[in-house]
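Chains as they are written, first to last, in numbering that gives the first Met the number 0: chain A, 0 to 508; chain B, 0 to 703.
Honestly, the hints are just simulated from the structure, not real lab data.
Don't be surprised by glycine CBs; every beta carbon is placed ideally from N, CA and C.
A hint or two may mislead.
In silico DSS-like pairs for lysine-lysine, Cα to Cα no more than 25 Å straight-line [to be verified]:
| hint | chain 1 | residue 1 | chain 2 | residue 2 |
| --- | --- | --- | --- | --- |
| 1 | B | Lys114 | A | Lys297 |
| 2 | B | Lys143 | B | Lys131 |
| 3 | A | Lys257 | B | Lys114 |
| 4 | A | Lys297 | B | Lys189 |
| 5 | A | Lys297 | B | Lys171 |
Not the full set, but computed from the structure, chain A residues with beta-carbon under 7 Å of chain B [said to hold, decoys possible]:
| hint | residue |
| --- | --- |
| 6 | Cys398 |
| 7 | Gly406 |
| 8 | Ser410 |
| 9 | Ile423 |
| 10 | Arg461 |
| 11 | Glu482 |
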Amino acid sequence: MEETQITPSLSVRSWSSISTQDQSSISTQDQSSTAGQASSTGPQPSKPSVIPPPVKSKGPSSGAGVRRMRRIIAEDAEWSVAIVPLLTELCIQHIVKNFQNNPILKQLPPEHQKKVLNHLSPDLPLAVTANLIEDESYWRRCCMQRWPVCHMDEHGGSWKRTFFELHLENLLKHFIPSTTDPEVILNLLPLCRNYVHTIRVDQFLPPVHLPPPLRGGDQSDSGSEGEMEEPATDHYQLGDLVAGLSHLEELDLVYGVKDCGMNFEWNLFLFTYRDCHSLAAAVKACHTLKIFRLTRSKVDDDKARILICSLLDHAALEELDLSHNLIGDRGARAAAKLLGHSRLRVLNLANNQVRAPGAQSLAHALAHNSDLVSLNLRLNCIEDEGGQALAHALQTNKCLTTLHLGGNELSEPTATLLSQVLSINTTLTSINLSCNRIGPDGGKQLLEGMSDNKTLLEFDLRLSDIAQESEYLIGQALCANREAARQRALSPSHFMSPATAKGPENPVG
Amino acid sequence: MNPPGSLGVLEEKEEEHLATPVIGPSIHSDNPQERIQARRLRIAARLEARRREALGEYLDGKESEEDQSKSYKQKEESRLKLAKLLLCGTELVTNIQVAADIREIHRRVEEEEIKRQRLEKLENEVKTSQDKFEEITMKWEEGKQKRIPQELWEMLNAQQVHCAGLIEDKNKLISELQQELKAKDDQYVKDLKKQSGDICLLLERMEEQKAFEVEREELLTNNKKKWEQALQAHNAKELEYLMNRIKKVEDHEKQLNKQRIWDCEEYNTIKIKLEQDVQILEQQLQQMKATYQLNQEKLEYNFQVLKKRDEESTVIKSQQKRKINCLHDVLNNLRSKYNKQVKQFQEENQSLTSDYKRLVMQFKEMQKAMRHFALIDDKQFREIWLMNEEEVKDLISRAFDVDRIIHTHHLGLPWTAPDFWFLKNVGPISQQQQKSPTQILEEVLMEAEEEGAEEAASEPESYLDLPKQVSAKTTRKILMLLCDESGFLVESKLLSLLLPLDKSECYLLKLDAIFSALGIESEDDLYKLVNFFLKYQAHHSPPSQERTSLVSPLEKLDPQGEKEGSLVDREPQEKQPPPSPRLIHPNDVLKILEAFVTGLRKPRDFRAPVKLLKVVRDDSKDSAYWKALTTVIPATTLNLWDALYTALEKYHLVLTQRAELLIENSSLERQNTELQQLLQQYLDSKINSELQVPPTQVFRVPTK
């Protein structure tokens with residue numbers, strides 16, 4: 000096949016010198032191997048190179064057919080000399096056509112490479128293209144063809160990376176344990192290992208069970224049911240994949256099912272112990288991991304402990320996000336331990352069940368920590384005890400910049416301590432105390448604290464029962480601080496205007 | 000637990016936005032405080048900007064300062080506006096989240112409360128049912144003890160009733176709980192609906208904010224359009240300008256090229272010229288250097304010399320000064336002398352003038368006397384001439400007689416008396432014998448006509464008159480030339496008369512006229528003229544070989560001409576090649592004539608008085624006459640006479656010697672006697688005795 004296709008393009012050279020008229024029919028003529036024949040016509044004179052390697056013309060009958068065609072095309076009014084493409088064009092087209100079988104790219108000069116890439120189909124098998132093509136425009140075409148919406152920005156600004164990450168995500172999303180062949184993913188591994196930096200999967204399908212549809216009725220106590228069928232609801236084991244990706248930096252997982260509709264079952268949202276263990280092992284083995292997110296996956300204290308234990312003394316981890324889980328004080332205590340045994344910069348335990356003891360342990364860890372920048376304890380229930388403990392910790396901490404304590408049943412005592420912190424601390428830039436019961440007095444105290452602070456830029460006190468006046472004054476102080484911060488940012492280097500911040504477009508996506 | 004989760008995601012994204020903005024107060028705020036703050040900030044910002052500008056950011060250009068401040072204001076306003084918008088927008092959006100949060104908290108609190116109540120209730124229920132159950136079980140014990148079926152039945156019935164009550168309670172509880180669950184479900188659905196409403200609201204608000212985005216997009220597109228239009232116009236203009244500029248540039252380039260080429264050529268030519276100049280100048284420089292060096296050396300040498308000379312000159316000067324002083328003295332002396340001499344000479348002059356006057360007077364007198372004497376002299380001359388002639392004739396007759404005697408007596412030869420013209424002449428030779436130039440001319444011309452045969456045998460007499468140095472032929476030719484060239488001197492009347500005449504006659508007459516015009520009166524003058532011609536030719540013509548050879552002998556012969564050379568002298572003269580008159584160019588004739596006339600006049604004026612005398616008497620022929628008279632006796636006779644005479648002389652000498660000797664002898668005798676007397680006298684004087692050596696002793700007294 001390859002031989003027969005290359006020869007026509009080669010013969011162009013010899014024939015073009017004899018008569019340009021016959022350019023269009025070169026391939027056919029070559030096949031008929033009547034060298035002396037001066038004129039022969041092809042079926043498509045205007046695009047000669049698109050001619051498929053002609054239907055076997057070895058036989059005498061086909062030769063006659065060629066002649067007949069020739070007669071017709073010789074009188075073709077549309078035919079024009081100007082359309083005769085260059086030999087290089089022909090070669091390039093041929094290369095494009097046979098790229099799947101004979102990928103020639105690196106040997107070509109750059110301008111020809113570009114042409115070839117522009118004409119390559121996005122449907123080519125990844126085995127051919129993955130490690131051969133670096134050109135962004137090709138991968139962009141691939142992405143655009145497959146996904147209507149894809150943000151290159153979320154994938155490190157590289158289309159190739161975008162393509163492989165989305166591709167992998169897609170595979171993982173639709174992987175059904177014990178039904179889908181795991182080789183599908185593992186086969187991709189050698190192709191994408193150098194390009195995948197992030198895995199974001201918001202759905203893991205459980206294995207398909209025939210019985211579940213049989214069991215009708217309302218099963219309110221799904222918890223016991225999940226435990227019973229635990230071995231059967233294990234999800235895809237990430238271990239092999241994560242071990243194979245040499246540049247993996249971010250893992251963003253949600254163990255759950257999307258768009259289940261009326262087929263809702265509790266066990267669709269099960270994060271089993273086996274899942275937990277395998278994930279913990281995978282995470283531990285991945286030394287390049289920087290960001291680990293496991294949200295909305297019903298991670299309870301035990302599972303959190305298992306995961307956090309595996310993350311202790313992790314070299315690269317910077318961000319841990321376990322929001323929207325069921326982590327309680329023990330899990331929080333484990334997280335506090337992690338703070339002392341890692342270089343974690345961001346910890347997110349929003350919407351968990353952390354109470355005062357957990358908060359106290361976190362505060363204790365925070366007091367001696369010098370890495371953590373952001374702590375999010377939104378929608379927990381640490382109450383004043385935990386809040387006070389954290390406030391005490393912040394008196395010594397010199398690193399934390401963002402603290403979210405929204406919806407934590409905090410009240411005046413915490414506010415009193417925090418106002419003291421505000422007057423001392425110079426690193427905090429953002430505090431969120433919304434949805435607490437701080438009260439007017441607490442608000443006044445916070446205002447007092449704010450009057451001495453020059454660094455805080457955001458202080459969210461919405462729905463926290465403080466007097467409007469003090470809230471407004473705090474807002475004024477914040478404005479002053481912001482302006483000062485802007486001036487500070489401007490003076491060393493111009494053009495860092497905050498006004499250029501992006502509009503509120505992301506939330507929609 | 001799902002809805003809060005989904006909210007959480009949104010909230011997270013909101014948080015990201017919250018982190019970004021840093022918002023200042025707005026001057027458009029309703030709050031006066033905020034406005035003040037904003038203005039302060041603005042002032043501060045402006046001060047800052049000014050400071051920065053002062054620090055060195057005036058690169059932006061000062062002409063656009065106003066624009067910049069305007070745009071800066073606009074930017075600041077926009078920024079503040081945007082910041083406010085952002086803050087408000089995020090607040091608006093997050094408000095929903097916060098509200099949801101608080102609701103969730105409330106729900107949780109309520110839930111907890113309800114849960115607690117339910118648990119309590121359940122516990123109570125459990126307790127009561129447990130009691131009831133225990134009661135029942137206790138009754139079971141009782142029932143075992145009952146043997147009476149009726150009682151048992153009763154009890155069983157009671158038990159059944161109790162059990163039924165218990166079950167009923169339980170069922171009631173269950174239904175209650177189920178109701179509660181149902182209510183919860185409803186609540187959940189409501190919550191779901193509410194949350195979906197929230198989400199819808201959230202989305203709405205976000206969309207609202209997205210409207211900003213859209214508006215911004217529109218604004219952007221509008222602005223972009225405007226900008227593009229402006230840019231297009233600008234581009235078109237720019238292009239136009241560019242084209243113009245290109246045209247101009249091309250023109251200029253062409254001009255430049257032309258100019259450049261021209262300049263180049265000019266430059267090249269100038270360069271070549273200058274290089275040549277430079278080379279020449281260098282050469283000159285070298286030469287100058289050489290000369291300079293030479294000059295330097297010379298000058299040095301000269302300087303040295305001059306120094307020495309200066310020294311010398313100073314010495315000389317001093318000497319000269321001294322000399323001058325001396326000379327001054329001399330001069331003074333000489334002046335005084337001169338004055339003296341002047342006086343003396345004046346005196347002398349006076350005396351001499353008086354002398355001169357006297358002499359003039361004397362001269363006049365002398366002239367008178369001379370005239371007188373001339374007359375007398377003439378008379379005397381005639382008388383003397385006649386007397387001498389007479390005497391000569393006597394002598395001749397005597398010589399003839401002597402000769403006859405000698406011939407006849409002494410030699411015994413026959414003697415015939417010679418017949419000469421001068422022998423018949425009586426008195427001085429008259430003037431008529433003087434030939435006029437015309438006569439000579441005639442002669443010459445006639446002679447020329449008889450040329451050839453008579454050439455050699457020409458009469459010597461006729462040539463005696465001619466100057467010896469000039470041949471007749473030459474003379475004739477010169478005269479012919481003169482005649483031809485000086486026709487202007489001849490009167491026209493004469494010329495007309497001459498026409499019918501013979502050629503030679505014509506010449507003759509013409510020459511006569513010319514001579515009379517030139518003032519040639521005598522034969523001498525004529526020859527002078529001829530000579531002059533020849534001489535002039537010799538002097539004025541270029542010294543060709545021939546001419547010099549011709550002229551030099553003439554010059555040599557010139558002095559001889561005055562000597563009245565003999566015939567012997569004349570012989571070589573004739574042999575000289577006759578000077579060819581052809582050498583005299585006809586054009587030169589007039590010049591020669593002019594020169595001659597001026598030259599002739601001078602000597603004539605000078606000779607005027609001499610002429611006077613000469614006019615009176617030309618004695619040129621006299622000497623010839625007298626000489627001829629002397630040569631009456633021919634040379635042979637004279638030789639004879641001489642020989643006779645020498646013989647006689649010898650004879651006479653012998654005789655005279657005898658006589659002389661006789662006389663000497665007698666005189667010696669007389670001297671001897673006298674000397675003897677003198678000696679005797681000396682010897683006798685006293686002085687001899689006084690002398691130590693007396694001469695007497697020395698002298699031997701001649702003994703006579």
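Each hint tested on the structure:
no., hint, result
1, B/Lys114 <-> A/Lys297, "21 Å, holds"
2, B/Lys143 <-> B/Lys131, "18 Å, holds"
3, A/Lys257 <-> B/Lys114, "30 Å, violated"
4, A/Lys297 <-> B/Lys189, "24 Å, holds"
5, A/Lys297 <-> B/Lys171, "33 Å, violated"
6, Cys398, "16 Å, violated"
7, Gly406, "5 Å, holds"
8, Ser410, "13 Å, violated"
9, Ile423, "22 Å, violated"
10, Arg461, "5 Å, holds"
11, Glu482, "4 Å, holds"
Hints 3, 5, 6, 8 and 9 from the list above are not met by this structure, while the remaining hints are.
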